[in-house]
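K.L.:
Sequence:
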Amino acid sequence: LPENWTDTKETLQDGMVFNVKYLGMTLVGQPKGEDMASAAIRRIVTTARASAKKFQKVTLTISPKGIIMTDTETTDLIENVSIYRISYCTADKTQDKVFAYVSQSQFNETLECHAFLCQKKKIAQAVTLTVAQAFKVALDLWEIAQEDKSKKARTCCSCAASKGQTQTAGPQCVPSEQHKPLVMEEKLRRPFFSASLSSPSPRSNPTRRRPIKHDSWDVDDGLDDPFSSNMEVEEMDTDWPSPAPNPSLTMQI
520 LPENWTDTKE
530 TLQDGMVFNV
540 KYLGMTLVGQ
550 PKGEDMASAA
560 IRRIVTTARA
570 SAKKFQKVTL
580 TISPKGIIMT
590 DTETTDLIEN
600 VSIYRISYCT
610 ADKTQDKVFA
620 YVSQSQFNET
630 LECHAFLCQK
640 KKIAQAVTLT
650 VAQAFKVALD
660 LWEIAQEDKS
670 KKARTCCSCA
680 ASKGQTQTAG
690 PQCVPSEQHK
700 PLVMEEKLRR
710 PFFSASLSSP
720 SPRSNPTRRR
730 PIKHDSWDVD
740 DGLDDPFSSN
750 MEVEEMDTDW
760 PSPAPNPSLT
770 MQI
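In this note's numbering, the protein residues as written are 520 to 772.
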């Protein structure tokens, strides 16, 4: 994350908006991984090109709560993805204008990779970074909530013990055995998150392309040949713990 990312924290909590085009979705077998994501994006792009249909313009609203996808023209809700269900996001290194994320289906345990075409490479990277920032804020909020719960529990138990009222103490002082279902529930809400962001090699020169056509796939649709990967890139992988973090996970930048 950039050093000044906290400058956008307040704005991010309200939701940051990106207008992109929805390429489609495919099922995946892993919650994260560069190779997995690249293969999934390749399948989505190939299918989208073959269909020759107009690609849907959508608006992504990203916040610590998750990603809300709506139809740009009708404002109809398409999907509301909780931050807890998102396990991976990436700005693809081959299709450098494509942003994608992996999430668990709200109906079952299947993993879905959703891909979006952005107007520029920088926008794809910005969306990826924004999701990472949203996750970091969600993590901070979760940790604060856990600290508050612990403080209230300690205060309650201390007061009850000093007054000899352990028998009639509040629900927060109930023996730990009765809290096991709650603890298990919190553990189930401990997803992990990973983001992959690619950047161009210092040796590569920027190239100009014609604007992306909105209503058709053509040779200049902003999507490179999915089977061509002769681009020079330097990749940066960043792993974050979840909003309900596993202490063994560490942040790597």
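Keep in mind that the hints were calculated from the coordinates and are not lab data.
Yeah, the Cβ is synthetic: ideal placement off N, Cα and C, and Gly gets one too.
Please note: incorrect hints may appear among the correct ones.
Here are the simulated distance ranges between beta carbons [unchecked claim]:
1. Lys668 - Ser570: 41 to 51 Å
2. Leu596 - Ala664: 25 to 35 Å
3. Glu628 - Leu596: 17 to 27 Å
4. Glu553 - Glu628: 33 to 43 Å
With a straight-line cut-off of 16 Å between C-alpha atoms, the simulated EDC-like cross-links for lysine to aspartate or glutamate are [said to hold, decoys possible]:
5. Lys573 - Glu592
6. Lys576 - Asp595
7. Lys551 - Glu628
8. Lys573 - Asp590
9. Lys584 - Glu598
10. Lys576 - Asp590
11. Lys584 - Glu662
12. Lys576 - Glu598
13. Lys576 - Glu592
14. Lys551 - Glu631
15. Lys584 - Asp667
16. Lys584 - Asp533
K.L.:
What hints, given by number in increasing order, does this structure fail?
P.N.:
4 and 15
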